[in-house]
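*Asks:* Take the sequences, apply the hints, and build the full model.
Counting from 12, one number per residue, gives the positions in the sequence shown under this note's numbering.
The set of hints was computed from the structure by calculation and includes no laboratory data. Watch out, some of these pointers could steer you wrong.
Dumping the calculated DSSO-like pairs for lysine-lysine here, alpha-carbon to alpha-carbon at most 30 Å [said to hold, decoys possible]: (1) Lys77 - Lys38; (2) Lys174 - Lys107; (3) Lys25 - Lys158; (4) Lys174 - Lys163; (5) Lys25 - Lys77; (6) Lys107 - Lys25; (7) Lys130 - Lys163; (8) Lys107 - Lys27.
Cβ-Cβ distance ranges computed for the label pairs, FRET-style [what the hints assert, rightly or not]: (9) Gln23 - Ala166: 27 to 33 Å; (10) Ser50 - His98: 37 to 43 Å; (11) Ser66 - Ala19: 27 to 33 Å.
Ideal Cβ placement from N, Cα and C applies to all residues, glycine included.
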Amino acid sequence: MDYGAFKASLQQLKNKFKKTPGLVWGKPHLRPQYDPYGSDILGWTATWVVTFESSLDFIKLRENWKSTSGNFVRSFFSYHYGPYEVHWVLETVECKRVVVRVDGISYFGRGYHIHDGAKENRIFQDQLETPDLAGTQMDQFIENVLKIRYGKTIAEAFDLKLK
Numbered sequence: 012m013d014y015g016a017f018k019a020s021l022q023q024l025k026n027k028f029k030k031t032p033g034l035v036w037g038k039p040h041l042r043p044q045y046d047p048y049g050s051d052i053l054g055w056t057a058t059w060v061v062t063f064e065s066s067l068d069f070i071k072l073r074e075n076w077k078s079t080s081g082n083f084v085r086s087f088f089s090y091h092y093g094p095y096e097v098h099w100v101l102e103t104v105e106c107k108r109v110v111v112r113v114d115g116i117s118y119f120g121r122g123y124h125i126h127d128g129a130k131e132n133r134i135f136q137d138q139l140e141t142p143d144l145a146g147t148q149m150d151q152f153i154e155n156v157l158k159i160r161y162g163k164t165i166a167e168a169f170d171l172k173l174k
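*Replies:* Quick look at the structure:
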């Protein structure tokens, strides 16, 4: 996926959920990273916040993409859902209050992880049969958050199967 295709995918994501009542979409913050010696894009970072009309809860979608061998790959992601306070700047706040978050970072070689109900509660990929957290996409995360908001547990919404 290149930068133009990524930007188009964000519009497709918003369109996918446009009939979901109560979602309030912020403006996606995209920051391309250019080659300092030329005009080539070396990658980009993206942050996008979605809030809910009915509660002080929000989703923050973050991704970093980088160029490798002529292709762009997602090098990091963090998809967060939890409560917020009105004075927070949601695009930049460090999210300490967590309902669920999937982080595309491996600690101690244990694979990516999902936070279950608190920042301190991590379930690592090496503890899971399914799903493969590395494959988590923005739309899947939003769908799973909506399941949680409609009463499913995190394990049910994300189809977590422990080893």
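*Asks:* With reference to the structure, classify each hint as holding or not holding.
*Replies:* Status of the hints after comparison with the structure:
no.	hint	result
1	Lys77 - Lys38	holds (22 Å)
2	Lys174 - Lys107	holds (28 Å)
3	Lys25 - Lys158	holds (18 Å)
4	Lys174 - Lys163	holds (21 Å)
5	Lys25 - Lys77	holds (23 Å)
6	Lys107 - Lys25	holds (26 Å)
7	Lys130 - Lys163	holds (20 Å)
8	Lys107 - Lys27	holds (29 Å)
9	Gln23 - Ala166: 27 to 33 Å	holds (29 Å)
10	Ser50 - His98: 37 to 43 Å	holds (39 Å)
11	Ser66 - Ala19: 27 to 33 Å	holds (30 Å)
Hint violations for this structure: none, all hints satisfied.
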